[in-house]
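Each chain, written out:
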Amino acid sequence: MPELEQAAGTSRVQSAAQGERYFQRFTRPQRVLHAVLFTTFLGLAATGLPLRFSSTPWAIHFAQQVGGFGAILFFHKLNAVVLTLAFLVHVKEVIKRGLIHREKGIFWGPTSMVANWKDVKDLFGHFRWFLGLGPRPQFERYAYWEKFDYWAVFWGMVVIGFSGYAMWFAPFFARFLPGWALNAALVVHGEEGLLAILFIFSIHFVNTHLRPESFPMDMVIFTGIESEEEFKIKRAHEYDRLVAEGKLQTRVGVAPEPWLIKFSRTVGFTAIAIGLVLLVLTLSAMFL
Amino acid sequence: MLTEKEDGRMVEAATESVHWTTGPVRQNPYSGHANSPLQSAPALYLINDRRNKVSLCYSGLRSLLPAFLVCLLVCSVPAHLHGQTDCLACHADKSMQNEAGHSIAVDGQAFEASIHGSLKCSDCHADVKDYPHPEHIAPVQCKACHADLESEIVGSVHAHASPQPCTSCHGDAHAIFPKADSRSAVYPLNIARTCGNCHGNDGIAKKHGLQNVSRSYVDSIHGMALVQDGLLVAANCTSCHGSHHILSHKDPQSATFRTNVPATCGSCHAGIAEKYAAGVHGKALVHGQASAPVCTDCHTTHSIRKPNDAEFQMHTAPFCGSCHKAQFSTYHDTFHSQLSSLGGYVETARCWDCHGAHDVMPASDPKSPIAPANLVTTCSKCHAAANPQFVKYQPHANAHDFKRSPALFLVRLFMNLLLISVLTFFAIHTLLWVIRSRYEQIKRRSAKGGEDA
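Top line first, the protein sequences correspond to chains W and F.
Heads up, the first sequence is in the numbering used here, so the first residue is 6 and it goes up one at a time.
Heads up, the second sequence is in the numbering used here, so the first residue is 1346 and it goes up one at a time.
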């Protein structure tokens, strides 16, 4: 990916090649985007769940602590606006790179977020491996579950965002929408939000951070850097492709600074802890 | 205070409610004590003045007291007892007690000032005629004079509450004042305390299976107005329960019986009572539907809050829902309800914001706030930009009812299927993955361990 080649070019001189090599996986804007995404998502979940389960004791207690419904709605909208801006910035970037600059690999190819035939094969191959019926698939830059995460969030933001703004500015949206659409907005907003919360705090957490290969946390989304060994194991297809194309050198990075690792751990574990608490509260409200 | 009497003399009156005059002016055959002290003194006459108030005609006792004491000492016993002074010669002693140790002292001055101050002791203590009187005297029968009130008490919940029900509320028998007198135990501002002597006592309340209502009343809007603001018109206990003829709220004759509640509250809240009578609930009650809500169902009885009190508003929507179950359930699914439950946002629409509070009317009634023609006005109370399209929002839509809300039903179905299928697929996927990865990890480690060993 070009942005990574640039990033590698501008990065500090790599540590002496003795011992382990490190590679850049995410650029700073990508990490910042993820940080904005998970911060606002936690904020939206923490303020949205008390609304969805408004009759539970914890929701009422939480509302009392923060100053009632007015405060909850204020923070919900504040987070929503920030997330919307981040989403729009991302869409603008994709359009600029893919359509205006005609950058390759945005909409198609091994580095694209768009699903392809390999993803289907990888999915079935992965299942075969789970059951001990075949070898572990060699993944490209973005594996099928990562693409699913991306598109789930993308679709989720469109759906939740649109229904949310329809409720926020109901009299305005009522000019274009049928009467029942305002009712549907709450159903869609609530259900899709619930799906996002359940998915992120269970499936995404395990797939990305808590599974044995990454446990307890995959730091690459915070530092942007991963070790060569990790790269080879997790995305063998991408590694081999870069070697074959002779582009591996462009991706070499420096080992993350200790303070960055410490900071990332603190932020990451806090986010995971909040997410798990919210997950427990959600499940308790749904099934107890 | 000086008052001019018919005979033109200026007389002194001690208090506003009790008039002291020099002698009986209408019927009294004597012209006054000054002329014939021995004949009249210590004579007390009860007369009614034009305002139908009890006035006392009393010979200036104070100036004659020394003469009396001399007279008493000189006179031989037994003597015919004429009035208070004779009795007070002994009973003024504050330490005086009967055999059982109860005080039988009487504060002469307080008694003189009281509503009964014009009576002779023997008017009530009828079996005491002479001195010495018997050791044991009969309990005073208030009904001898107050027969009407006595009969009211007999039929009331207090009939057997006490051997002396009168003094339980009116206080010291020798210091009873008119109810308009601030010294009276039944003066409006004192009533809550007087009733609270029993009804604010946990022990007594428990014994009779009652609630201790005193505390909740004192904190209520009526109690605050009475106790804190000293508002005479504030509803006190007797305003709703009556005084002598208090009946159980289960008695159809009682002012607090369900169907009588609107009239009872309406005796002060006349405007609201009129609106209530015009609404569906008031009409249902009149047509014999006893389960129709009355004032106390929403506002409670003793702990009535201000209607704009958040805690009160939180409590009432579920109350409407106790009858209107389906409507409450669908309301519960909406944004309005979510706001409502979490509090701190009392502005959110609750039942009465749209339906009206006291004069609830069906949507088919053109006067109803939810009549189609009035919806924009009603919704715009909160949603300033409400327009005819906006008010097509269904505040009671049921996403589980295909016939009523088909589009909404399908949207919900789709969202639920999406949620269930995505989560089920990935739950299986991720669980298998974790198991497999962990297995590989253990296999690799043991292989490594084997090499190391």
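The hints are simulated quantities; they were obtained by calculation from the structure and are not laboratory data.
Keep in mind that the hints are not guaranteed to be accurate.
Stated by the list, open to error - To give an idea of the chain F side of the interface with chain W (calculated C-beta under 8 Å), a few residues:
{"no.": "1", "residue": "Leu1433"}
{"no.": "2", "residue": "Cys1435"}
{"no.": "3", "residue": "Leu1684"}
{"no.": "4", "residue": "Val1721"}
{"no.": "5", "residue": "Thr1722"}
{"no.": "6", "residue": "His1728"}
{"no.": "7", "residue": "Ala1730"}
{"no.": "8", "residue": "Asn1732"}
{"no.": "9", "residue": "Leu1762"}
{"no.": "10", "residue": "Ser1766"}
{"no.": "11", "residue": "Leu1768"}
{"no.": "12", "residue": "Thr1769"}
As the list claims (entries may be wrong) - Result set (SDA-like, lysine to any residue): computed pairs, CA atoms no more than 20 Å apart in a straight line:
{"no.": "13", "chain 1": "W", "residue 1": "Lys237", "chain 2": "F", "residue 2": "Ser1782"}
{"no.": "14", "chain 1": "F", "residue 1": "Lys1788", "chain 2": "W", "residue 2": "Pro183"}
{"no.": "15", "chain 1": "F", "residue 1": "Lys1737", "chain 2": "W", "residue 2": "Leu138"}
{"no.": "16", "chain 1": "F", "residue 1": "Lys1748", "chain 2": "W", "residue 2": "Pro183"}
{"no.": "17", "chain 1": "F", "residue 1": "Lys1552", "chain 2": "F", "residue 2": "Pro1508"}
{"no.": "18", "chain 1": "W", "residue 1": "Lys82", "chain 2": "W", "residue 2": "Lys237"}
As the list claims (entries may be wrong) - Computed far set for chain W versus chain F, every beta-carbon distance over 10 Å:
{"no.": "19", "residue": "Arg57"}
{"no.": "20", "residue": "Val87"}
{"no.": "21", "residue": "Trp134"}
{"no.": "22", "residue": "Leu136"}
{"no.": "23", "residue": "Ala175"}
{"no.": "24", "residue": "Phe177"}
{"no.": "25", "residue": "Leu182"}
{"no.": "26", "residue": "Glu197"}
{"no.": "27", "residue": "Leu200"}
{"no.": "28", "residue": "Ala278"}
Every residue gets a Cβ at the ideal spot worked out from N, C-alpha and C, and that includes glycine.
- request: Identify every previously stated hint that the structure contradicts and give their numbers, smallest first.
  value: Checked against the structure, the hints that fail are numbers 1, 2, 4, 5, 9, 10, 12, 14, 15, 18, 19, 21, 22, 23, 24, 25, 26 and 27, while the rest are satisfied.
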